[in-house]
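Using the sequences and the hints, build the whole thing.
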Amino acid sequence: MEATYFSSDMGVMIGRSMRHIFRSIDTIIKVALMPILYMLLFVYVFGGAIQSGAGNYLNYLLPGILLMAIASGVAYTGYRLFLDVQRGIFERFHSMPIAHSAVLWGHVLTSLLSTGISLIVIVLVALVMGFRSSAGVLPWLAVIGILALFTLALTWIAAIAGLSARSIDGVSAFSYPLIFLPLISSAFVPTKTMPPVVRVFAENQPVTSIVNALRALLTNQPVGNDIWIALAWCVGIIAVALFFAMRAYRRRVLGR
Amino acid sequence: MTDSAITTKGLKKSYGKTEVLKGVDLDVRRGEIFALLGSNGAGKTTTIKILVTLSRPDCGTALVGGFDVLKSPGDVRRSISLTGQFTAVDEMLTGRENLHMIARLRHLDNPAGVAEGLLERFGLTGAAAHRAGTYSGGMKRRLDLAMSLVGMPSVIFLDEPTAGLDPEARLEVWEMVRELAKGGTTVFLTTQYLDEAEKLANRIAILHDGRIIADATLSELKKLLPPAKVEYVEKQPTLEEIFLHMTGKEAARKEAR
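Residue numbers (this note's numbering), protein chains in the order written: chain A, 1 to 256; chain B, 1 to 257.
Please keep in mind that the hints were generated in silico from the structure rather than gathered at the bench.
Careful: at least some of the hints might be erroneous.
[To be verified] Within a straight-line C-alpha distance of at most 25 Å, the following computed SDA-like cross-link-like pairs (lysine to any residue) qualify:
#1 B/K22 x A/R251
#2 B/K17 x A/V253
#3 B/K12 x A/R251
#4 B/K12 x A/R252
#5 B/K223 x B/T247
#6 B/K222 x B/P237
#7 B/K22 x B/L93
#8 B/K182 x B/D195
#9 B/K17 x A/A248
#10 B/K12 x A/G88
#11 B/K222 x B/E198
#12 B/K71 x A/L254
#13 B/K17 x A/R247
#14 B/K199 x B/G138
#15 B/K22 x B/G66
#16 B/K17 x A/M246
#17 A/K30 x B/L93
#18 B/K71 x A/K30
#19 B/K17 x A/R250
#20 B/K22 x B/L194
#21 B/K199 x B/T247
#22 B/K9 x A/H94
#23 B/K9 x A/L254
#24 B/K12 x A/A248
#25 B/K71 x A/H100
#26 B/K71 x B/L26
#27 B/K71 x A/R250
#28 B/K17 x A/R251
#29 A/K30 x B/T134
In structure tokens, the structure reads:
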């Protein structure tokens, strides 16, 4: 019975949280404008001093900027989930004859949708600034797929924070480090230039392999192992984070 | 069975090693205002959570609107609505959008019409286009109650409906609860305010330490105590009466009596 309404309930849920996004100026600034500002800063201020080994530094930089945008976008998903739990909105929805899974998945799909919109905006700005890609349709589809998987992975991490935190500060403390992961990776400068300890971390954290795979796809280079490592990271994170998020959900919302 | 809106038998629920409910038996008739009275931590919210299918009992049975909460939670959800301890309105949406959203989630035929009707009934038409986040505490609670009435559920659960409200808003909520019951809706409310139970409820159950220790009408409960003595006491106005008088709510004060 509940399944028959799944898509219409999901539509209501997504419509609701998309309204939240478009009605809060700070969300829009942080998710779309901040990465664009970073991009301007890195290209026009630091760019001249960074030896990336690539002809066009913007081409080198863009994948990292996109991942940063994803990280700051999902932080808001955690925040919205937290508020819904805190204010009893989940309880209200769950005591109604609706498809229960639509409540949580509505937030997750909104995260994918809103991240997609801000990534498109960022890529358009990058094109104006001189970003060029020689990639064909298939590599682009692969790029979109990896970005979507990475968004899903971070969304479920943010969901753990949103569903288990006891205060707003707790939510942001949990999701803030995600925004910094790209800084200690190959996203902005080659890892070769880093001191050994930092370099070992940078080369073995998920962002580096994802950035490398995206970069190779966008410049039509062979992707090698990076794409498989990137996919393994994404799928692994999704599996682990989904487990803990569902556990937090059952405990907090269903009181089991 | 047909004149019972809620029946529970031997409800038990533990969280870890803490036994919150130790066997709760209740019988709420259709159309009555039933108050579950108890201090903090007595298990009031746990009882409500089981009745609205948010939580499952460890053992015991509960029928709401004639349906078993464990066997047919979907049917239970179609017959009830919950107004939780916190005003669960979406503060980023307007009053109208909040009602519209709930009407769509209840899969009603004319969500816009239902929303307009409730806005008018709850005196929110003027504020309908403003975000709920800008409403006063009393207005938020009114919107919250209006959202609970979407789709006209036959049983309404109110978990501490007046906690944190100022005296005027409190009287407003009482008035709305009475209106609901007049229309034949069963109201199950929890409260820790004795006067609230006394003024509103047809029947009162006292939940203490996970058990129902009394379940009767107010006059029956009064008989449990030694007979009333006549004493002469100089009647001082209560602070509430002074407050309402000075803020010009004379009419509301009389209503409250």
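Agreement of B/K12 and A/G88 with the hint, judged by alpha carbon distance not exceeding 25 Å: holds (24 Å)
Quick one, are B/K71 and B/L26 close enough, alpha carbons at most 25 Å? holds (19 Å)
Is the Cα-Cα distance between B/K71 and A/K30 25 Å or less? Outside the cut-off at roughly 46 Å; violated.
Please verify whether B/K22 and A/R251 have alpha carbons no more than 25 Å apart. The hint holds at about 21 Å.
Would the hint linking B/K17 and A/V253 be met if the CA-CA limit is 25 Å? holds (20 Å)
Between A/K30 and B/T134, does the CA-CA distance stay at or below 25 Å? holds (24 Å)
Can you confirm whether the C-alpha distance between B/K71 and A/L254 stays at or below 25 Å? holds (17 Å)
Between B/K9 and A/H94, does the CA-CA distance stay at or below 25 Å? holds (24 Å)
What's the verdict on B/K9 and A/L254, does the C-alpha distance respect the 25 Å limit or exceed it? holds (22 Å)
Distance restraint between B/K17 and A/M246, which requires alpha-carbon spacing of 25 Å or less: holds (23 Å)
Satisfaction of hint between B/G66 and B/K22, Cα-Cα up to 25 Å: At roughly 23 Å apart (the allowed maximum being 25 Å), B/G66 and B/K22 satisfy the hint.
Proposed proximity, B/G138 with B/K199 (alpha carbon, max 25 Å): holds (19 Å)
Taken one by one, the earlier hints fail for this structure at numbers 5, 7 and 18, listed in ascending order.
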